[in-house]
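Peer 1: Chain by chain, the residues:
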Amino acid sequence: MIVAIASGKGGTGKTTVSAALASIWKRPVLAVDMDVEEPNLHLFLKPGSVRIEPVYLEVPVLDKALCKLCGACAELCQFKAISLMGAHLLIFPDMCHGCGGCMRICPEGALQKGQRELGVVETGMTADGIPCLTGRLRIGEAMSPPLMGKVRQRMQAMAEKEIRDIIIDAPPGVSCPAMTAVQDADVILLVTEPTPFGLHDLRLAWQAFRPLGKPMGVVINRAGVGDDQVHSFCQEKNLPLLVEIPFRRDIAEHYAHGGILPQLDAGMKATFEELAERLERMATEGVGVSHA
Amino acid sequence: MRELVVISGKGGTGKTSLTAAFAHLAEKNVLCDLDVDAPDLHLIAEPTLQRSGPFLAGHLAEIDPTICTGCGTCKEVCAYGAIHQEEEHFVVDSRHCEGCKVCVALCPEQAIDFPERLCGTWYESDTRFGPMVHAQLDPGQENSGKLVTLLKAKARERASQLGLELILSDGAPGIGCPVISSLSQASLVLLVTEPTPSGLHDLERVAELCRTFRIRSAVLINKADLSPEYEAAIQVFCQAREIPVVGSLPHDSAVTKAMVRGQAVTEGPDTPFGTKVRQIWTDLQPLFEASPSSLSKESKS
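Chains as they are written, first to last, in the numbering used here: chain A, -13 to 278; chain B, 2 to 302.
Because the hints were derived from the structure by calculation, they are not lab data. Where hints are given, some of them may not hold.
Below, computed lysine-lysine pairings styled on DSS-like, alpha-carbon distance capped at 30 angstroms [said to hold, decoys possible]:
no. : chain 1 : residue 1 : chain 2 : residue 2
1   : A       : Lys50     : A       : Lys32
2   : A       : Lys99     : A       : Lys12
3   : B       : Lys102    : B       : Lys29
4   : A       : Lys99     : B       : Lys277
5   : A       : Lys255    : A       : Lys32
6   : A       : Lys66     : B       : Lys102
7   : A       : Lys136    : A       : Lys255
8   : A       : Lys66     : A       : Lys136
9   : A       : Lys12     : A       : Lys255
10  : A       : Lys136    : B       : Lys258
11  : A       : Lys50     : A       : Lys12
12  : B       : Lys147    : A       : Lys66
13  : A       : Lys99     : A       : Lys54
14  : A       : Lys136    : B       : Lys102
15  : B       : Lys76     : A       : Lys147
16  : B       : Lys277    : A       : Lys136
17  : B       : Lys258    : A       : Lys223
18  : B       : Lys29     : B       : Lys277
19  : B       : Lys258    : A       : Lys54
20  : A       : Lys66     : A       : Lys12
21  : B       : Lys76     : A       : Lys66
22  : B       : Lys76     : A       : Lys99
23  : B       : Lys102    : A       : Lys50
24  : A       : Lys32     : A       : Lys66
25  : B       : Lys147    : B       : Lys76
26  : A       : Lys136    : A       : Lys147
27  : A       : Lys99     : B       : Lys29
28  : A       : Lys12     : A       : Lys54
29  : B       : Lys258    : B       : Lys76
30  : A       : Lys99     : A       : Lys32
Quantities reported herein were computed from a predicted structural model and do not represent experimental measurements.
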């Protein structure tokens, strides 16, 4: 079973919930951080002996001796990564999306395969034996989906090697990176807060993920802080509200010191055990699927 | 013209609430929501729509089934796994199509159309704080960076038409495409952080991003009293990087209360939190004036 923890709004507690769930999960589990722009899950799960492996995108490199300046590559490129300026063919590897089209159509074979580093994939193991997989985007790199693709490949390979459930900490938002992170999930867990911003972005997330036809459930974090509009929304859309995490200063401080919630007190532990059970039921029974 | 861009790396540190407060405190400015994926600033600014338009960016491959002979060349050349076979012919999954045109160029039957892609909507509005430009990217779409660039151009255009000196921009979380686009031409980037492991980790990455693109930055520590240790660690980091810290704000329910009322935290009756925000806004001003990018602009004109 694969659970993706997502949210429209950032900072609602995706990572808090992901780390908490991983720590109390009853079966073997793999924790995956797909928020490659700002990966944080490792700060709470604290995996050791981390292996770091760079990930590359294939970009063109020009062999000037072979280029006849026909401009076919520049004409094809949709991303302004190749430009023909008079007697010079210029390549901007940072703009390249790695489609490989230029290398295919060059009649002279003047474009060879080169590489641009997208970031790294990190693998490690927590003290409790939870394997962790993290994508980390290189600072200055604009494109996260290709790196996320590599994290997905690695995730599938690890899940094939031994049977494990998977918890995916997704990036915020509902654009391409968020959609990429949730596509393999059996259940999508939306973490929100009961405020106007939380509600607005929960609605965006619900609209974006609904066409995928996957069961979705909601966790309200900082319950009691704002108003009750999120509750009404969940009721209206038949979105199961699975658990609420109260707005308490000791919870915020525990998190601020890198703590995992089930370790705070027995009540928190029970909350996340209940969440895990309800997620499991949703995945097996398909509860919470709302069709577009 | 000066532009202040508020970003954070980590989400939920208070970017939007603070941008709204600054918009209330700044006398003449154009407000700009660059979080085109999950925008929230309009919930406080309550814009009255003046103009809107489609955001078209890039293209999308579409196979004409009446021409497709089912040879499969398109599937073979697609680097994104966006093409699959359905009975006799091939079909493009728009969610995975990158718009690279390789299949269009290599289809032996010329069976693939390449229309422009509708990725979202942009808006120009008026608010009680002044004019505002904002947008909504459609779910699952790419090209958020291009939409950010479009909004920034519109903000500059409106500012110069109306003779306004300041653009206040609320940015997106993260360090990827939309955030990189939001940095261009910024006079100052304000990094809003919080004293938590994630806050510090993500601050280090956005600060490095600003350094990479040679954009001046300053730091504001929100919810500062949550962890004195992490607040100290943030101060040490900023000192080592020579990034000015413009101030600290406490973890205060006044922020959420104002949000629920649909107000900036500085609107309505005075609160201790609101007073601190006013002070920070005042302290931020000199950091703008010394901006190299605005200096070079002035020396040109």
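Peer 1: If you test the structure against every hint from before, which numbers come out violated?
Peer 2: 1, 2, 3, 4, 7, 10, 11, 16, 19, 20, 24, 27, 28, 29 and 30
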